[in-house]
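Trainee: Residue strings, one per chain:
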Amino acid sequence: MTTIDRDASGPEDLQKLHNDLAEVWANPAGLKALTIVNHTTLGLRFMVTGMAFFLIGGILAMLIRTQIATPDQGFLTPEIYSQVTTMHGTVMMFLFAIPILEGLAIYMIPKMIGARDLVCPRLTALGYWCYLFGGIILSFSMVLEMAPDSGWFMYTPLSSSEYSPGLGSDFWLLGITFVEISALSAGVELVVSILRTRTQGMALNKMPLFAWYILAMALMIVVGFPPLILGSILLELERAVGMPFFDIAGGGDPVLWQHLFWLFGHPEVYIIFLPAAGIVSTLIPVFAGRPIVGYGWVVFAITVMGFISFGLWVHHMFTVGIPQLAQAFFSAASMLVAIPTGIQIFAWLATLWLGKPKMKLPMLWIVGFLVIFVCGGLTGVMLALVPFNWQVHDTHFVVAHMHYVLVGGMLFPLMAGLYYWLPLFSGRMPSETIGKWGFWLVFIGFNATFLIMHWTGLLGMPRRVYTYDTGLGWDIFNLLSSIGGFVMSAGFAMVLIDIALHFRYGKPAKTNPWNADTLEWANKLPPTPYNFVSLPTIETRHPLWEHPELPQEMEEGKHGLASADHGRREMWGTDPLTGKVREIIHVPSNSWWPLFAAMALAIVCISLLLRWYPLAGLGAAVAVVFLLRWSWENGVHPKAAPNANVTPGDPPLHSRTMDGPGVWAMTTAMIANGSFFLSYLFGWFYLWTISPEWRMPETSPLSLIALVIAGGALMGGAALMEKSVRGLRKQQERGLAFNFYGAALLGGIQFALILWVMVRANLAVTETSHDAILMVGLYYALLHSALGAVLSLLQGLRVGYRYVGLHAPFEPVVVAYFWRYNVVVFWILVVALAVLPRVIGG
Amino acid sequence: MRERYLYHVALLCIQRAVPQRVNRFMLTLLGTLTLGLTGCAGDLSILDPAGQAARDVVLIWWIMLTFATVVLIGVVALWLYTFKRKYQERTPQEERKIARRWIIGGGILLPVLSVTALLIFGVPTGKRMLPLPLSQPPEVIEVIGHQWWWEVRYPGAEGGEVITANQLIMPAGEPVDFHVTSADVIHSFWIPRLGGKIDMLPGRTNVIRLEADAPGVFGGQCAEFCGTQHANMEFYVEAVEREAYDAWLAERQEERLAERALANDDFAQARDEFASTCANCHSVAGLSASTIGPDLSDIGARYTLGAGTLPMEEGAIHYWLENHQTLKPSNKMPSHNYMDTATLESLGAWLETLTP
Chain D
1 MTTIDRDASG
11 PEDLQKLHND
21 LAEVWANPAG
31 LKALTIVNHT
41 TLGLRFMVTG
51 MAFFLIGGIL
61 AMLIRTQIAT
71 PDQGFLTPEI
81 YSQVTTMHGT
91 VMMFLFAIPI
101 LEGLAIYMIP
111 KMIGARDLVC
121 PRLTALGYWC
131 YLFGGIILSF
141 SMVLEMAPDS
151 GWFMYTPLSS
161 SEYSPGLGSD
171 FWLLGITFVE
181 ISALSAGVEL
191 VVSILRTRTQ
201 GMALNKMPLF
211 AWYILAMALM
221 IVVGFPPLIL
231 GSILLELERA
241 VGMPFFDIAG
251 GGDPVLWQHL
261 FWLFGHPEVY
271 IIFLPAAGIV
281 STLIPVFAGR
291 PIVGYGWVVF
301 AITVMGFISF
311 GLWVHHMFTV
321 GIPQLAQAFF
331 SAASMLVAIP
341 TGIQIFAWLA
351 TLWLGKPKMK
361 LPMLWIVGFL
371 VIFVCGGLTG
381 VMLALVPFNW
391 QVHDTHFVVA
401 HMHYVLVGGM
411 LFPLMAGLYY
421 WLPLFSGRMP
431 SETIGKWGFW
441 LVFIGFNATF
451 LIMHWTGLLG
461 MPRRVYTYDT
471 GLGWDIFNLL
481 SSIGGFVMSA
491 GFAMVLIDIA
501 LHFRYGKPAK
511 TNPWNADTLE
521 WANKLPPTPY
531 NFVSLPTIET
541 RHPLWEHPEL
551 PQEMEEGKHG
561 LASADHGRRE
571 MWGTDPLTGK
581 VREIIHVPSN
591 SWWPLFAAMA
601 LAIVCISLLL
611 RWYPLAGLGA
621 AVAVVFLLRW
631 SWENGVHPKA
641 APNANVTPGD
651 PPLHSRTMDG
661 PGVWAMTTAM
671 IANGSFFLSY
681 LFGWFYLWTI
691 SPEWRMPETS
701 PLSLIALVIA
711 GGALMGGAAL
721 MEKSVRGLRK
731 QQERGLAFNF
741 YGAALLGGIQ
751 FALILWVMVR
761 ANLAVTETSH
771 DAILMVGLYY
781 ALLHSALGAV
791 LSLLQGLRVG
801 YRYVGLHAPF
811 EPVVVAYFWR
821 YNVVVFWILV
831 VALAVLPRVI
841 GG
Chain G
1 MRERYLYHVA
11 LLCIQRAVPQ
21 RVNRFMLTLL
31 GTLTLGLTGC
41 AGDLSILDPA
51 GQAARDVVLI
61 WWIMLTFATV
71 VLIGVVALWL
81 YTFKRKYQER
91 TPQEERKIAR
101 RWIIGGGILL
111 PVLSVTALLI
121 FGVPTGKRML
131 PLPLSQPPEV
141 IEVIGHQWWW
151 EVRYPGAEGG
161 EVITANQLIM
171 PAGEPVDFHV
181 TSADVIHSFW
191 IPRLGGKIDM
201 LPGRTNVIRL
211 EADAPGVFGG
221 QCAEFCGTQH
231 ANMEFYVEAV
241 EREAYDAWLA
251 ERQEERLAER
261 ALANDDFAQA
271 RDEFASTCAN
281 CHSVAGLSAS
291 TIGPDLSDIG
301 ARYTLGAGTL
311 PMEEGAIHYW
321 LENHQTLKPS
331 NKMPSHNYMD
341 TATLESLGAW
351 LETLTP
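Chains as they are written, first to last, in full-length UniProt numbering: chain D, 1 to 842; chain G, 1 to 356.
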């Protein structure tokens, strides 16, 4: 296979190779720059947008600190203050922390694993636009003075239409859900990219630790975000239509919202921490000049952290009145997180201990991270202790704790990473002097603000109060915290100035300026859109340390996939475990569809906000058409990869196999979907068993027979899909289109039957939470049967166009996976919604 | 069985013997130190406990703080030391050994031991705070959260249930069970100097048991963000001797309060004004029975107005009636701008007399 022997034979050939690559991967300028799907550009867009939201969130923080600097202040009205605190949390969590880290991962992952792009570039673009539009919509609410004001975790009933009648909560629920499309799409494609597009030979155990962290983060996003999406949809339905999911009188329960929110909210903390810890694990070995100590231990710790973090959410709810046994369990589980954290901190320590650490500017931020994060972790263990939690919960102690964890655990490593990778972004080195000033101002300012704030909390100051009386002993500490806050802002201003200046005055960076070991430094500074002229074969965890000549060889086209005259954007598709090459993955190039689809979704979002439902329906239909058209331009389609010629000796194109990344993307997406579905089941059983005023009818309103027949139709459709896939595997194409149309028809029958059950059930969705949540389940099934039918119908059409067939057997496998998911989920739904109520009764 | 017994004995030792000695020591040492320097005291200070539950938590806090400080300084010092110490060549075997020592010692043993110690110490403390059944049922006080005030009911009062608002009186030296719920959004009931908080949820009743060591006045406040005026949702709790408590309740029997409200003929006009407007939301024993707003039957005897917004003094009610939408913006009481000063003044003066 392709290794070093593929030598570009002369300087002209090499020049042609560079030109070909530049042409195929070109980023258009002007208006057409909006079509760019390349991960380098989009990663930077994500990060710059994230920084903009950081500034907005920071200004909001300064408003808060000004208002409570002294007692009885009238700087902000109570209404505005509630909006400001809510938006500060919302902006920092949803519009800054997660997107900027995703942006960093989007930018860095392909470069680190020796790929040329992420595996679903158009999805990256869709994610970016959804993030940008969602963020703008949400921020615009502040301009209108209609911002959400029920606190960033939107506890209902405060956020319900009765107690928050304005549009504030709607802005939050719709805007955040819109933004979460971006988180989920980034999550899915990062998982698949890391598992399937590592360069040749990069087995899982040779992968840079950063990629492990991002893999964990991405999987956690995929599993962790859906509960909040479900919660937001339910709450918006309650607000807009009056379906009483969280309303006691209607048989709902406000605590269900808390569960759904923290089911997401706690993993979220680790979704933010893990990539930041990944930065730490990347930088420490570089500045210690030796490999990380305990690679296996760290991977173990990451995995454990990922799992444990889903079992901790109740520790945000210790004062709700949860049964004692559950509290004890969640208390112990929360403390257990100290173990994987401890493993990492001491693995880093051991690396420094055994190496020759140098205190460069990025390391300064890492040490700052250590001090602050360890402190935050220790108060975290304290907070996990239930009796202590009962005292300090919802006070400034908790505010201080969480800023220690989030600023220490995320922002400081991020700043370290920013300085470390600056030469990659700009081709220039950061200055050491202004940077140090910035660090010390931020570090001192941060501790002045938040270390003191612990004390304010212990003196009894609750969070989110816009005013307080003098004489409670809080005055001086609040003033000091506010001064600290402004010092910290000055520090960040200095960092920003430093970075802005460096673009002009920074020393040009030489290749691999920090003498790092990972592949991103084999890029040109700044990198080309295709990253690498040729893709290397990796035999070690530290390619650039053990083969310093590698960047030069790659640049000379001496490694894999060193051709672009076929006009495709290509990279390796490798085995997830061993990193053996399995196929060539070709990724789509620039496209308007992501932007158009995001614009249509933005229209849906805005019209739902304004309750213009016909327009929302129209927008949704247009979005679906755009997305289907996008999916149409794939595989053998003239705009994708019409011919399948590859260099002799190279593996086939993924679209000509049955093993492409699409299968993995579908599986990952269905994990997200499954998490959404499980959250729904959780909601159903929670309301059924715990809601105080739950009313269940004597007999189930759902026709079991009709549902069983619908399930039969679904299974028939799925069987036809499986049959076509089996046929393709056996090199038989006969009846392919017929099978697809048959499956589509059966899907249609299932759809009609569910619709009939729904209509016949005559559900009073605004009267009882039982009927309301039942309706949501039926809609879920309805949507899925429609999607399955449409996808199969399109496959049938594509057979006609010769986009699908023996020569291109890839897509039916992906669609068949969706049908499989549908079958499993539908039967679970039938059992939960229609069988169990009959067996157990109301 | 035997192990269990030993375990309990060990626990008792930690629970009883150690804490009291450490407690006294720590509280005097650290307490006076920090009290002197910065002030742990304050109506709402967790660090100035006035009941067993709060005291247990403060003790745990000081121990945890000491331990956490040692860990923090230790870890940071180790990290910083690596930048100063001289580099030594080591064989891979030696490196592995050192690495294992750090990771297992620091990454696993340290957290496991600390967490275990914390749980052994903390879980029984938490258990002691639970409202478990007692041989003599404790006094029950019901508190209902409203946006943004507190409705308080004493179902155990001898002559019949007593209803009041924004003030709490409890017997000192005995456990009291607070049964809390909410009439609208989620609030949280918290008297920091007596113990932890408990959320007040609509549709549910939560119970928290608190005990005041001795008579005294303590601050309380809403701890769960409940809307714009969350900041002005405070109350005072007064712990008194049992006899005083019973007497206080007896004074607040409806007929006694009604007698008082109707007694003074000087305020007949104010009473009429009240009956035609205020009575739509407020109740005063003998005059009205609406429960939309706080009960005002003994308002003259309260410490504050507007759930902690304004201290109660002469003329305060009149001032409040004229300015409450600026003092506590967005509160649910409509503005009284349309009423003339004289009426408001007489209303205020009359309400001030409503004290048992």
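By construction, these hints were calculated from the structure, which means they are not laboratory data. Keep in mind it's a predicted model, so treat the numbers as computed, not measured. Honestly, I wouldn't trust all of these hints.
Straight-line distance between alpha carbons at most 25 Å, and here's what the computed SDA-like set of lysine to any residue pairs gives [said to hold, decoys possible]:
hint: 1; chain 1: D; residue 1: K524; chain 2: D; residue 2: G567
hint: 2; chain 1: D; residue 1: K360; chain 2: D; residue 2: V304
hint: 3; chain 1: D; residue 1: K206; chain 2: D; residue 2: G711
hint: 4; chain 1: D; residue 1: K358; chain 2: G; residue 2: Y81
hint: 5; chain 1: G; residue 1: K84; chain 2: D; residue 2: L167
hint: 6; chain 1: G; residue 1: K332; chain 2: D; residue 2: L167
hint: 7; chain 1: D; residue 1: K206; chain 2: G; residue 2: Y81
hint: 8; chain 1: D; residue 1: K206; chain 2: D; residue 2: T49
hint: 9; chain 1: G; residue 1: K84; chain 2: D; residue 2: W514
hint: 10; chain 1: D; residue 1: K356; chain 2: G; residue 2: K84
Trainee: Taken at face value, is the distance from the CA of V304 of chain D to the CA of K360 of chain D at most 25 Å?
Mentor: violated (31 Å)
Trainee: For the pair we were handed, K524 of chain D and G567 of chain D, check the Cα-Cα distance against 25 Å.
Mentor: Given that 25 Å is the threshold and the Cα spacing comes to 22 Å, the pair holds.
Trainee: Hinted pair, alpha-carbon criterion (25 Å max): K358 of chain D, Y81 of chain G. Please report holds or violated.
Mentor: holds (12 Å)
Trainee: Given the hinted pair K332 of chain G and L167 of chain D, is their alpha-carbon gap at most 25 Å?
Mentor: Given that 25 Å is the threshold and the Cα spacing comes to 20 Å, the pair holds.
Trainee: Starting from K356 of chain D, check that the Cα of K84 of chain G is at most 25 Å away, please.
Mentor: holds (9 Å)
Trainee: Need the status of pair K206 of chain D, Y81 of chain G: alpha-carbon distance at most 25 Å?
Mentor: violated (30 Å)
Trainee: Checking one constraint from the list: CA of K206 of chain D to CA of G711 of chain D, max 25 Å. Satisfied?
Mentor: Given that 25 Å is the threshold and the Cα spacing comes to 45 Å, the pair is violated.
Trainee: Take the C-alpha atoms of K84 of chain G and L167 of chain D, compute the straight-line distance between them, and say whether it is at most 25 Å.
Mentor: Cα-Cα ~57 Å, so violated.
Trainee: Is it true that the CA of K84 of chain G sits at most 25 Å from the CA of W514 of chain D?
Mentor: Holds, at about 20 Å.
Trainee: Is the hinted pair K206 of chain D and T49 of chain D satisfied, with a Cα-Cα distance of at most 25 Å?
Mentor: violated (33 Å)
When each numbered hint is compared with the structure, violations occur for hints 2, 3, 5, 7, 8.
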